[in-house]
Amino acid sequence: MFIQLIELCAVYQHYRKSTKQAKELENPPFARSLILLVIAKSFKTRQTSIHHDRQALFQSAINDLRESIEVDPYDSISHFHLAHNLSFINQEALKSIERCLLLSPADKYSLHLYALLLTAQKQMSEAYAQIYRATNDYPDIRNYLKFKIVESYI
Numbered sequence: 001m002f003i004q005l006i007e008l009c010a011v012y013q014h015y016r017k018s019t020k021q022a023k024e025l026e027n028p029p030f031a032r033s034l035i036l037l038v039i040a041k042s043f044k045t046r047q048t049s050i051h052h053d054r055q056a057l058f059q060s061a062i063n064d065l066r067e068s069i070e071v072d073p074y075d076s077i078s079h080f081h082l083a084h085n086l087s088f089i090n091q092e093a094l095k096s097i098e099r100c101l102l103l104s105p106a107d108k109y110s111l112h113l114y115a116l117l118l119t120a121q122k123q124m125s126e127a128y129a130q131i132y133r134a135t136n137d138y139p140d141i142r143n144y145l146k147f148k149i150v151e152s153y154i
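Be aware that the sequence shown starts at 1, since it is given in the numbering used here, and climbs by one per residue.
Since the hints were derived computationally from the structure, they do not count as laboratory data.
By construction, the Cβ of each residue, glycine as well, lies at the ideal position given by its N, Cα and C atoms.
Possibly wrong hints are sitting among the right ones.
Label-pair ranges, simulated between beta-carbon atoms [said to hold, decoys possible]:
1) Ser49 - Met124: 31 to 37 Å
2) Ala106 - Pro73: 17 to 23 Å
3) Gln123 - Glu70: 27 to 33 Å
4) Lys146 - Met124: 18 to 24 Å
5) Lys122 - Phe30: 35 to 41 Å
Please put together the full structure from these sequences, using the hints given.
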């Protein structure tokens, strides 16, 4: 059932069906079903061109993620998605990604988002320190960052 919801979320036409099914899921996967609901809302947000509607969808996704974190405060995935969605509306994204990194310090996507958020807030020395630490502590991240640099030039 859980994998089917992910597949439904990936297709924009099934947004309503997937969100309804995600809401119907019961504990214990309730926290993860909220994450699926957020992913579906994120897809819909990217399809929406009206600014007010986009902001409302982001805020709804943030509320769902906060509820997911209340259910399972140690789920780094919820904290990652919360930071990602908060970054779009310029709120406390740094606080959420820092919590995510406490729960899952080796997550290269979280480290990447953290460096981006620090850079966006003009905290260049901290961003550089995080990149330096990540590349020294996790060699596979060095390759990931090189790939991202090359990808940005293409």
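Going through the hints against the structure:
Between Ser49 and Met124, the C-beta spacing of about 33 Å keeps the proposed range 31 to 37 Å intact. As the Cβ distance of Ala106 to Pro73 is approximately 20 Å, the hint placing it in 17 to 23 Å holds. Our hint of 27 to 33 Å for Gln123 and Glu70 holds, since their Cβ atoms are close to 29 Å apart. The hint said 18 to 24 Å for the Cβ distance between Lys146 and Met124, and at roughly 20 Å that hint holds.
Against the hinted window of 35 to 41 Å, the Cβ-Cβ separation of Lys122 and Phe30 comes to about 39 Å, which satisfies the hint.
Every hint, counting from the list given before, is met by this structure.
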